[in-house]
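When you get a sec, could you build the whole thing from the sequences and use the hints?
Note that the protein sequences, when read in sequence, are chains A and B.
Adding 7 to a residue's 1-based position in the first sequence gives its number in the numbering used here.
Adding 149 to a residue's 1-based position in the second sequence gives its number in the numbering used here.
Simulated from the structure, these hints should not be mistaken for laboratory data.
Errors might be hidden in some of the hints.
Using 25 Å as the maximum straight-line C-alpha spacing, the simulated SDA-like pairs for lysine to any residue come out as follows [what the hints assert, rightly or not]:
1) Lys250/B with Pro77/A
2) Lys250/B with Arg238/B
3) Lys273/B with Pro28/A
Per the computed footprint, the stretches of chain A lying under chain B, defined by three or more beta-carbons under 8 Å from a beta-carbon of chain B, are [as the list claims (entries may be wrong)]:
4) 8-14
5) 72-81
6) 206-217
Beyond 12 Å from chain B on every Cβ pair, some chain A residues (computed) [stated by the list, open to error]:
7) Leu93
8) Gly165
9) Arg181
10) Leu183
11) Thr189
Glycine included, every Cβ here is placed at the ideal spot set by N, Cα and C.
So the chains spell out like this:
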Amino acid sequence: MLSLLLSHWPLNRRLLIGLLPILLLWFFVALHPGGDSEELRFLLIALATSATLLALAVLQSPEAFLVALPVRRNDLVRATYVAGLLAALLGLALPLAARWAVTGGSLPAGVLGNLALILVAEILALLVFLPLRFRLGPHGLTVFAGLLLAGLVALHLGPGVYAGIETVTETATRALAHPARTVPAALAAMALLGLLSSHLACAAFARRSF
Amino acid sequence: MTHLLDLRGLTKRFPAFTLGPLDFAVPAGSITGLVGANGAGKSTLMKLLLGLLPADGGAVTLFGRTYTGAEPELKARMGFVLDPPGPPRHLTPLELGTLVKPFYPRWDAARFRSLGQRFELPMKTTFQKLSQGERMKTLLALALSHDAELLLLDEPTSGLDPLARRDVLDLLLEVVQDEGRAVLFSTHIVSDLERVTDQVAFLKDGRMILAGAKDDLLDAWRLVKGGPELLDSPAAARAAGGRRCEGRVELLCPAEDARALATPEAVLSERPTLEDLAFFHGRPLETLPC
Numbered sequence: 008m009l010s011l012l013l014s015h016w017p018l019n020r021r022l023l024i025g026l027l028p029i030l031l032l033w034f035f036v037a038l039h040p041g042g043d044s045e046e047l048r049f050l051l052i053a054l055a056t057s058a059t060l061l062a063l064a065v066l067q068s069p070e071a072f073l074v075a076l077p078v079r080r081n082d083l084v085r086a087t088y089v090a091g092l093l094a095a096l097l098g099l100a101l102p103l104a105a106r107w108a109v110t111g112g113s114l115p116a117g118v119l120g121n122l123a124l125i126l127v128a129e130i131l132a133l134l135v136f137l138p139l140r141f142r143l144g145p146h147g148l149t150v151f152a153g154l155l156l157a158g159l160v161a162l163h164l165g166p167g168v169y170a171g172i173e174t175v176t177e178t179a180t181r182a183l184a185h186p187a188r189t190v191p192a193a194l195a196a197m198a199l200l201g202l203l204s205s206h207l208a209c210a211a212f213a214r215r216s217f
Numbered sequence: 150m151t152h153l154l155d156l157r158g159l160t161k162r163f164p165a166f167t168l169g170p171l172d173f174a175v176p177a178g179s180i181t182g183l184v185g186a187n188g189a190g191k192s193t194l195m196k197l198l199l200g201l202l203p204a205d206g207g208a209v210t211l212f213g214r215t216y217t218g219a220e221p222e223l224k225a226r227m228g229f230v231l232d233p234p235g236p237p238r239h240l241t242p243l244e245l246g247t248l249v250k251p252f253y254p255r256w257d258a259a260r261f262r263s264l265g266q267r268f269e270l271p272m273k274t275t276f277q278k279l280s281q282g283e284r285m286k287t288l289l290a291l292a293l294s295h296d297a298e299l300l301l302l303d304e305p306t307s308g309l310d311p312l313a314r315r316d317v318l319d320l321l322l323e324v325v326q327d328e329g330r331a332v333l334f335s336t337h338i339v340s341d342l343e344r345v346t347d348q349v350a351f352l353k354d355g356r357m358i359l360a361g362a363k364d365d366l367l368d369a370w371r372l373v374k375g376g377p378e379l380l381d382s383p384a385a386a387r388a389a390g391g392r393r394c395e396g397r398v399e400l401l402c403p404a405e406d407a408r409a410l411a412t413p414e415a416v417l418s419e420r421p422t423l424e425d426l427a428f429f430h431g432r433p434l435e436t437l438p439c
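Dropping the structure here:
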């Protein structure tokens, strides 16, 4: 497992270095006053950084080559889940740390809750995407994009995209009013979904031919 | 004799092609060549051995054990050259070394560097920018840098110039100096096999048509050359293959039949080369070009 997590560095090092100037530019823009609210700017940069690192962690994997190495297929699948989660967390922690360093600790109100929502959304996306990827290979991304699109269309034809997001945000805000009850329940639900998703991904990957 | 690799009835079925059932063993201290035309099933067999494809029947035993529950441990004792699926194209040989190092407990970075120098590899050029020969050498360097006991090499000499090919073959001979090691390599360059192999297996349309110790195989067959009257002999009907060309006939016959055929004058009977075996075996008389 550790070998697989370590393999991300040589695999992604060059891309990460290539992306660094862009990330730094985003940071610079987000940390300075502009037209948008301070909170929105900060959330946008956090989302962009986190999604970028998450994509690097779960997309850049030469599966066939790795399967030929001394590694269990199940470990390869589980390592991708862990790497995805760590990348998403790192992507949120970096702008948070930058903001912390620039402002000496002050954060816009409500930012932490919204960061948690971003993280939950990313994890949910990961839990849907990875079984598809491990079953279908590169085509998994296409199917995932299709599902996302279908979801957006359904939202658009129903309550509307913005209203949908607002409903989710309000529900989350209400739930977070009683964190002692809702946070453990949410964590348990996520863990259950994670187990189900990784089980599906392992089963699918065990049958893949290269 | 210890077998590092043992196949028993190994079978893989595709909609338009079936490989096997294959029964075959690679003894320690040997180099075994796998010969076959494109599409014969060589790469499919290599992928089955590396667990990249699930088998539909039969068993693969490596170092006396099956993959069940021991895949990483067994694979750590094996080196491979297989392209495709090759390594990530955006990495340099140096980075590929860094990538695979954590997976092999016996990874030897100094050996990897020294092989890079021996093969004159541009260690900081990405894999996609390397020539075909350099790619093969990179994969070989990776396969040879973790003290592997069994090397599975799919067309390792493809794309190499004659000098580099000879160097690679010499390297394989060095590997089996240690009698606990073995090499299985596939090729369609039969002259490579003549130089280094102890055992040869011929694959045709997914079936193993001939397999055994190289010298035994060559001793078991004769290439008989003569006029059309050769075809009148009952022994000619038992020929494994041959061709008729401008009034001359060449037949690949079992050695005992060759003695019966070689009675008339102007008939030549000679020990075939591996290339003759690969070329003639299983080819009916009229199907081969002159």
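Verification of the hints:
For the proposed pair Lys250/B and Pro77/A, the alpha carbon gap of about 11 Å is at most 25 Å, so the pair holds. Straight-line distance between C-alpha atoms of Lys250/B and Arg238/B comes to about 17 Å, which keeps the hinted pair within the 25 Å bound. This hinted pair checks out: Lys273/B and Pro28/A have alpha carbons roughly 23 Å apart, not beyond 25 Å. With 4 residues having a beta carbon nearer than 8 Å to a beta carbon of chain B, the segment 8-14 of chain A meets the requirement of three or more and the stated coverage holds.
Proximity of the segment 72-81 of chain A to chain B, defined as three or more residues with a beta carbon under 8 Å from a beta carbon of that chain, is established by the 7 residues found. Using a Cβ-Cβ cut-off of 8 Å, 3 residues of the segment 206-217 of chain A lie near chain B, which meets the minimum of three, so the contact claim holds. Against the 12 Å criterion, Leu93/A stays outside the reach of chain B, whose nearest CB is about 17 Å from its own CB. Taking the minimum C-beta to C-beta distance to chain B, about 42 Å, the non-interface status of Gly165/A holds against the 12 Å cut.
Every CB of chain B is more than 12 Å from the CB of Arg181/A (nearest about 46 Å), matching its label as outside the interface. The non-interface label for Leu183/A is consistent with chain B: the shortest C-beta to C-beta separation is roughly 40 Å, beyond 12 Å. The Cβ of Thr189/A sits about 40 Å from the closest Cβ of chain B, beyond the 12 Å cut-off, so the non-interface label holds.
Violation of the numbered hints given earlier is absent; every hint is satisfied by the structure.
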